[in-house]
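Could you put together the complete structure from these sequences and hints?
Residue numbers (the numbering used here), protein chains in the order written: chain A, 1 to 311; chain R, 312 to 625; chain V, 626 to 879.
There may be inaccurate statements among the hints.
Stated by the list, open to error - Here are some chain A residues the structure puts well away from chain V; computed CB gaps all over 12 Å: (1) MET42; (2) ALA45; (3) LEU71; (4) PRO103; (5) ILE130; (6) LEU249; (7) VAL272; (8) ALA296; (9) TRP304.
Said to hold, decoys possible - Below 20 Å or equal to it, Euclidean Cα-Cα: the simulated EDC-like pairs (lysine to aspartate or glutamate) are: (10) LYS309/A <-> GLU179/A; (11) LYS199/A <-> ASP706/V; (12) LYS199/A <-> ASP683/V.
Unchecked claim - Quick list of the computed label-pair ranges, beta carbon to beta carbon: (13) ASP508/R <-> VAL746/V: 49 to 55 Å; (14) ALA182/A <-> ARG868/V: 45 to 51 Å; (15) ASN274/A <-> SER591/R: 33 to 39 Å; (16) LYS534/R <-> PHE684/V: 35 to 41 Å; (17) LEU305/A <-> ALA745/V: 34 to 40 Å.
Bear in mind the hints are in silico, worked out from the structure with no lab data behind them. As the structure is a prediction and not an experimental result, all values here were calculated from the model. The C-beta atom is built at its ideal place from N, Cα and C for all residues, glycine as well.
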Amino acid sequence: MKTTSSFPPPAGSPVAARFGETAFTRRKARTEAAARGCFLFMTLALVVPLVAVLVYLVVKAWPALGWDFLLDVPRRNMTEGGIWPAFVGTLDLVFLSLAVAAPVGVLAAIYLNEYAADNGFNRLVNLAVINLAGVPSIVHALFGLGAFVYAARFGASVLSAALTLAIMTLPVIIASTREALASVPRAFREACWNVGASKWQTIRAVVLPNAVSGILTGIILQVSRAAGETAPIMFTGAVFYKVVERGDLFPYYLDDQCMALSMHLFTISTQVPNVREALPFATAVALLGSVLLVNAASIGLRVWLRHRKKW
Amino acid sequence: MASVSEKPVAAPAPAARARRPLWAVGLERAFEAFIRLCGVSAVLFVLAIFFFVFREAAPVFRDEQFSLTEFLFSLHWYPTSETNVRYGALALILGTFSVTGLAMALAVPFGLGAAVFISEFCGPRPREILKVIIELLAAIPSVVWGFIGLTVMSKLLVTLTGAPVGVNALNGGIILALMSVPIIVSIGEDALKAVPDSYREAALALGATRWQLIYRVLLPAAKNGLLAAVLLGVARGVGETMAVLMCTGHSVNIPRGPLDSVRTLTANIAAELGEAPVGSGHYRVLFLTGVLLFLITFVVNLAADLAVRGIREK
Amino acid sequence: MNVTPPKIEVRDLRLSYGAREVIHGLSFAIRPNEIFGIIGPAQSGKTSLLRCLNRTIDFTPAARVSGAIRVDGRDVRRIKDVFGLRRKLGMVAPLPVGLPLSVYDNVAFAPRCAGIRNRAVLDERVEQCLRQAALWEEVKDRLHTLGTRLSGGQQQRLTIARALSHQPEVLCLDEFSIAIDPVTTMRIEDALKELRREITIILVTNLTSQARRLADRTLFLWNGDLVELDETGVIFSERARRRQTREYVQGIFG
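Take a look at the structure:
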């Protein structure tokens, strides 16, 4: 007996009468296609204009881009020149803030996940950490002002701004590290405890090495966030303009104020009249490029480490 | 099977059982104490944010020129007036809600639509690519968004709507929508992925089309997670500073239409904090605005948390 | 009258998780170098009992223990060096767990934690334990493979090797065969019969036939109560004193 399965079945056959195309199925197929088209449109409506805008930015920035733009300092009242002081300022701020937030955050997460008892106080702590990850950036600015600039008397400085950024990134580092630690199955820990290993020995031998990838990706994401934020550093240490030598790698002391790339973009696009048109666009491209590069590195790291999964 | 132990295992003398050197034990204890310290101090930092912002704001209640009802319900924001200082933040509150509302009106349908598309209609390769794009979108700093609003969107709006100035509530709304969409998409997609496959299989076995599956089964099943996604998008919108500072114009008034210029609570703090003398009434009211923002985002985040908890309890 | 002091002595042990008591006043003693079987249906408290022995019950926050457990005469709840205690009692869990380390590192993990650094000593210890667990022949050429990549039966034998690596005086096996194939189970049972010459073995099992094959004496635990404790030959015959024992052993309930 010949068995065929084709859709739609030949008209007039008994199969067609049962399972074939009818007005009903045609209508269903139409709504199906319409739904698919609608959702596809919604997705493309987000992605396409965005890509277009980014391309537009690069095109407008093109005349100004180049190594000189990176290494040079702003000239002629910021209407010309480059972004070097701002770039190195951002590097300093990010490095300093991560140097504080990363170790404290990772160790705090280890404490909260591995050592702390599961009582009411700690659950409150968890709630606090999670909600603080969602605090508006301007509130971080107010905190930095109140705590570091005034109460601790650091004044507006690289130190205050970096500490403000550190506090801003700390809750998220704690949360993502905890997630990475929790992804290691409890069975491994129990197997280690059963042979007489202490908690720290277990953490060092089994838990941490397998959570490192998640921890690193979380920290790298905060690097890009710290580099891009403006409000927290606006009043705590970043300024409009600072005299810096071209290409100088260490122009700022801890108690100096500094320029920063994000702040620079803000001032150059809102506070500086008669600026050469390509300059703000180039600044935006520089900031955006750095941030996206760091994020891409984090995504790449995550994908690469996923292939090396050990269980 | 050879059992090649030289030391008899049945009754080892205590000396034969290996012991960790004392210095190693001591070092480990010290390190564990340090870890505990980090845990506690991280918690302290985190609570310190509450404390310091409240502390700078609190004295304002003793100031005779300030009244809480005026703050919350009056439209007159004249903090720098020499004769009649008034701290009415209602226009700012309405500014925040109007811009956020506009943003959500755009972001929610498009964001949820994209989430549905990525979750249900996509093959695995396009899905990975789209998720990476969404993640990179989320990484764009707010000042860059502000810049885009100031330059690109502003020009677009002027040409499309003929408004005199391109920075207004609509501009801020569109930019804020683009900023909130990644959160809505990624959390929404997680919520849809969390719906058990058995639901999908059951619906398809009954002959449902993909659209019917989505509309009648998935969206209702995932509604808590989708609600949480929207709420977190709202929280992002309310808390956004730089982008709205650069895109919404600077006038403190109730917006009568989307093409009006508004100011939000966040932008207001950023704009005026630099000029308010430390310790003055103005300064403290700005901190109080920060407290208000804090409370609003806290409540919205809590609501999102509860919405998600609702799924887990089931 | 047996004059050798018991290896492990349990006196009026009570365990509660929160408000729920799961072990109600257990008292028994385990002799050195015997295979001591504990049988009983699920949720009888068998696993909880083992966890009280090596103090891993400490990791369950809601658990409260009272009564005395003495190993070699010393109360475990008062011992200061908990890690030394856990090295004295080896524990094998029901589900095979290969740590995400190489096979060599899996077995060398416990000696290293105890402070042994000498490579030669570690090499010898690893080989000895893998032989005792009947795994050496299969892994001797690939000691660098990840423990998680072994088969279920191999991982369970690896767990046993790990449990032996710190030279325990007592080996506790908690339903070790539920996740592995019968052939591996047989090989492990043969290994246990060899090991009993050197150490004491506590065998918790759901399979009454396994206790009958291996154990010298058997304790029937039901709902946290000691129903009967006697020579295995007695428990599994008509001479068992309690009717409950006879019915459980015959499979009338379980």
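Contradicted hints - numbers only
none
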